[in-house]
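Enquirer: Chains B, P and Z with the ligands: place on chain L using the hints.
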Amino acid sequence: MARPGPRGSLGDAGRIVPRSGYTTVLTTLISAAMSFLAVFALALSLSSGTLAQRWSDTLAQTATLRLSAPQSEIGAQTAAVLEILRTTPGITATRVLEVDEQRQLLEPWFGPDLPVEVLALPRLIEIIESPEGFDAAGLRLRLSAEAPGAVLDDHTRWRRPLVQAAASLRALAWLSVLLLSAAMAAMITLAAGFSLAANAQVIRVLRLVGARDAFIAGAFVRRLTVQALVGAAAGTVVGMAAFALLPVAGEAGFLTGLGFQGIGWLMPLAIPPLAGAIAYLATRIAALRVLRRES
Amino acid sequence: MARPGPRGSLGDAGRIVPRSGYTTVLTTLISAAMSFLAVFALALSLSSGTLAQRWSDTLAQTATLRLSAPQSEIGAQTAAVLEILRTTPGITATRVLEVDEQRQLLEPWFGPDLPVEVLALPRLIEIIESPEGFDAAGLRLRLSAEAPGAVLDDHTRWRRPLVQAAASLRALAWLSVLLLSAAMAAMITLAAGFSLAANAQVIRVLRLVGARDAFIAGAFVRRLTVQALVGAAAGTVVGMAAFALLPVAGEAGFLTGLGFQGIGWLMPLAIPPLAGAIAYLATRIAALRVLRRES
Amino acid sequence: MVIRLANVSHDYGGHGLLAGVDLHIAPGTFHFLTGPSGAGKSTLLKLCYGELTQNSGEIEVFGQDLRGMSRNALADTRRRIGVIHQDCQFLDHLTLAENVALPFVATGRPVPEADLHELLTWVGLERQANALPPTLSGGERQRAALARAVIMSPDVVLADEPTGNVDWDMSQRLLALLVELNRMGTAVMIATHDLNLIRTAKSQVSARNLRIADNTLQSAGSDL
Amino acid sequence: MVIRLANVSHDYGGHGLLAGVDLHIAPGTFHFLTGPSGAGKSTLLKLCYGELTQNSGEIEVFGQDLRGMSRNALADTRRRIGVIHQDCQFLDHLTLAENVALPFVATGRPVPEADLHELLTWVGLERQANALPPTLSGGERQRAALARAVIMSPDVVLADEPTGNVDWDMSQRLLALLVELNRMGTAVMIATHDLNLIRTAKSQVSARNLRIADNTLQSAGSDL
Ligand SMILES: Nc1ncnc2c1ncn2[C@@H]1O[C@H](COP(=O)(O)OP(=O)(O)OP(=O)(O)O)[C@@H](O)[C@H]1O
Ligand SMILES: Nc1ncnc2c1ncn2[C@@H]1O[C@H](COP(=O)(O)OP(=O)(O)OP(=O)(O)O)[C@@H](O)[C@H]1O
Ligand SMILES: [Mg+2]
Ligand SMILES: [Mg+2]
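Sequence order for the protein chains is L, B, P and Z.
Quick note, the first sequence lines up with residues 4 to 298 if you use the working numbering.
Quick note, the second sequence lines up with residues 4 to 298 if you use the working numbering.
Quick note, the third sequence lines up with residues 3 to 226 if you use the working numbering.
Quick note, the fourth sequence lines up with residues 3 to 226 if you use the working numbering.
Pulled out of the complex, with its shape left as it was, chain L reads as follows (with noise of 0.2 Å):
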């Protein structure tokens, strides 16, 4: 009996639309749901990120040069070599294998006893790209002119897949990220019109009393958009709980890396803002629209 008068609960129109209609709900539950997707697909697109990065610092940026020569040509076509990959746009580094490192290489193959110091072997420069990478057809034509001897070797076959897939992950989180922003966006706007259909009576006795149209769509924007955003939230923090708690992926393995590092943990943060600025546009465009249809 003891509730607040008219006049402080009512003052700033807030309770026109009724709070706990399951129709509100219904967008709680939508952005939640979606948010909490969402966070997974920030997650993927991040991770696949980091991904792609390893597996491009770990192959894609570096090359080898193998050099076979007579012995007695061996050390000018040497010196030739590192002069045009000098010479060479893209090229950040290189530098000549030691004997050690050449049997390290070997290793698994023929032991450690191999007597590499009394073998032909060619020289083997490791080359250091820079990020944009070198044209390498323009180089094999250049060292075919200046050391024939030289084969250029820069890894493509083995990164190419790699780089693909990483890429291809990339592409597919973002497409789930964007997928399901228009998701909610399309769940919004209907949950919009829904609540606007449930909430039939409540236009009419607005209508009826002499409520403008913006008075009528504001009251609804407001709640929908409350709403969206606390489902986002709620949404949100789950996801993030999920992957602060759940083993997703070991220590080990290329999927290691799923998950948030660092400033990444950050990122989910927008999704409530997000959500709720879609709710606003989505709620807003629905209730001025069906405003204008029912007169």
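Heads up, a few of these hints could be off.
[Claimed, not checked] Sample of chain Z residues lacking proximity to chain P, with all beta carbon distances greater than 12 Å (derived):
#1 Leu-25
#2 Gly-40
#3 Gln-56
#4 Pro-114
#5 His-119
#6 Met-172
#7 Leu-179
#8 Ala-193
#9 Thr-218
[Unchecked claim] Calculated lysine to any residue pairs in the SDA-like style (CA-CA distance at most 25 Å, straight line):
#10 Lys-48/P - Ala-131/Z
#11 Lys-48/P - Asp-89/Z
#12 Lys-48/P - Ala-201/B
#13 Lys-204/Z - Asp-171/Z
#14 Lys-48/P - Gln-204/B
#15 Lys-48/P - Phe-218/B
#16 Lys-48/Z - Trp-170/P
#17 Lys-204/P - Asn-198/Z
#18 Lys-48/P - Arg-292/B
#19 Lys-48/Z - Ala-133/P
#20 Lys-48/P - Asp-216/B
#21 Lys-204/P - Leu-199/Z
#22 Lys-48/P - Gly-126/Z
#23 Lys-204/P - Asp-171/Z
#24 Lys-48/P - Asp-94/Z
If you are wondering where the hints come from, they were derived from the structure by calculation, not from laboratory data.
Note that beta-carbon positions come from the ideal geometry of N, C-alpha and C, so glycine has one too.
Expert: The following block gives chains B, P and Z with the ligands in isolation, referenced to the frame of chain L:
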């Protein structure tokens, strides 16, 4: 004006619950969305199976044995090692690598001109495992006794992360199928509750004219189950179409095979009946509970 | 005995509403129920058909205690009671004719089309048979509610303000329908504000007039 | 001129309902509108405040054509019209007092608590001020609807069957409230079936009695 009379249209009580109510639309939408996602999860889980298979096939079932020994003993030790391998359970076949094959392996490092014949190269023996695999530790023990120069490389360090990754991908996929089923059940239960709340008027009127609980619940259960079936069918079809049409993963890369192959295309067809069954149970329980609560 | 209330009290948690109400409705009797707005007329009727459960006292319908009844037994009892709710309640997606025939559908019986048509004609709704309830006028809805209440030939009709929105001629017509049913043995109780209706009924049927005042049910035969 | 209908016709797609209706409601006048159930009384009132748009003819409210009006202008016009809808319409999640105060909230004005309380007391609802509409009795809802219609001191009150569910004493009280408003300059039109109400009003106010019959609006001063 030429509508069918009440007998024909209402005889089976099929129209007691409004067809186009937005809460029934809600049920349809929820099961459509959930089924759509379930198709993806199913594809992921099936594909991760294929993936794991492929990775295992290429790596897991081979191993290499490297035998270094003085030139005089190499023949005898090779024979001894082959005898050991022959009697080791889990090994299907063994093969001593030819000189040419060894040269091929070494070519990237030394060029085609390596004088393999004159080098004291170790023997390489390829081991083909049976699917159950062999006991690597036991084999190493026996080898160290009879052929001290033999080193077994069972590719464990390459194989483990890949198999692990495939397994965790698979677990993730089944987890999402489970989660989606649970989420669908929960959301359909909610939708049933919403539908009952939205149609409180229908329940009140039916009570007034002496309808029993079973009759009222039946009307809702039938309507909602049908809606869930329709929604799930639509969601499944759209999901399958997406897989049939979208180039989700390229031809190369190790996401190749993400999708359905052959008989796998039949599996998503289980989703609609499952959704229907979930909807039936969820609605029935919700309806009888609601009806019992409000006397 | 159709309905028997013994020392029944009820309120909605606040101050008292009905206290110590005794009521006997015998088969074939005719009752009017009056009282100021908010006195508890609708509440009393709801208690009689089990939409509400009394706070204290005893209510028997067709000789059975409502409170001890199973849910199915209560539903079966309601089939023998024709109720006209004050807020006429329909399924808005079904036509008027389908709504009137609902008691048959809900109990799994075939709809007697001829009876249905005759009844709709009597209450002047044959033209609106295929209209949806939200498109009906206030009076049309009230007449449809009355038609639905009597279509199953119930043992008792409980009518809550059945003529509040119809004109005088139509209210006479509806009264005549109830009087006719009453002659055939149906007990009738009408809650109404319309004293003229009660007065004109005098000539057609010997009705008992009850009034709710000061939380109790009183006989009001003389002062109408 | 408050409301002017010139040669207005309307039906809902079927057979004719209203045809060639002329109506002039001047400031400070009092009108009763009668006619059998389904004749089109509610329809006529809905045309007057723009819930329906006529098929043909002209309707002017406060000198402006309703059809040419912007949506905001229509809303602003409605603020000057107090409407009692036949199916009393409330926001079920707000208390009765909040519902009655709704015209102020919807137009962004502060609620005059004192006036609100006085009005609720007049219609006998001060005890129910904090009750939710679904828990009110039929008559209580009707009185609340009347209170809401008059709280903004509108220029005209259009009341559709405002006394169908209240007892005689209360209907006199509600009539007195409308007569009082009318004396202060408010035009009033009441659609009702209650001929007694019209008869007792005669002594308090000089009202014009209109009747809808045969699809037209007729003067019915004598035969009541
Ligand atoms: N569900 C409820 N919860 C709380 N109070 C209620 C409820 N239903 C009715 N009331 C209150 O109980 C009182 C009696 O209501 P009831 O509907 O029985 O009156 P009534 O005699 O039918 O009046 P009317 O002639 O106006 O229809 C009213 O004051 C009403 O506000
Ligand atoms: N939205 C609508 N669609 C179709 N027909 C309608 C609609 N609203 C009303 N009607 C019909 O128009 C006729 C007049 O309705 P109206 O509500 O104006 O009658 P009324 O004079 O107010 O009757 P009552 O006294 O019963 O309230 C009725 O036959 C009704 O069925
Ligand atoms: Mg009542
Ligand atoms: Mg009307």
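Enquirer: Look at each hint and say if it fits the structure.
Expert: Results for each hint:
no. : hint                  : result
1   : Leu-25                : holds (19 Å)
2   : Gly-40                : violated (5 Å)
3   : Gln-56                : holds (17 Å)
4   : Pro-114               : holds (25 Å)
5   : His-119               : holds (18 Å)
6   : Met-172               : violated (6 Å)
7   : Leu-179               : holds (15 Å)
8   : Ala-193               : violated (10 Å)
9   : Thr-218               : holds (17 Å)
10  : Lys-48/P - Ala-131/Z  : holds (24 Å)
11  : Lys-48/P - Asp-89/Z   : holds (21 Å)
12  : Lys-48/P - Ala-201/B  : holds (23 Å)
13  : Lys-204/Z - Asp-171/Z : holds (17 Å)
14  : Lys-48/P - Gln-204/B  : holds (16 Å)
15  : Lys-48/P - Phe-218/B  : holds (22 Å)
16  : Lys-48/Z - Trp-170/P  : holds (23 Å)
17  : Lys-204/P - Asn-198/Z : holds (19 Å)
18  : Lys-48/P - Arg-292/B  : holds (23 Å)
19  : Lys-48/Z - Ala-133/P  : holds (20 Å)
20  : Lys-48/P - Asp-216/B  : holds (19 Å)
21  : Lys-204/P - Leu-199/Z : holds (22 Å)
22  : Lys-48/P - Gly-126/Z  : holds (24 Å)
23  : Lys-204/P - Asp-171/Z : holds (22 Å)
24  : Lys-48/P - Asp-94/Z   : holds (21 Å)
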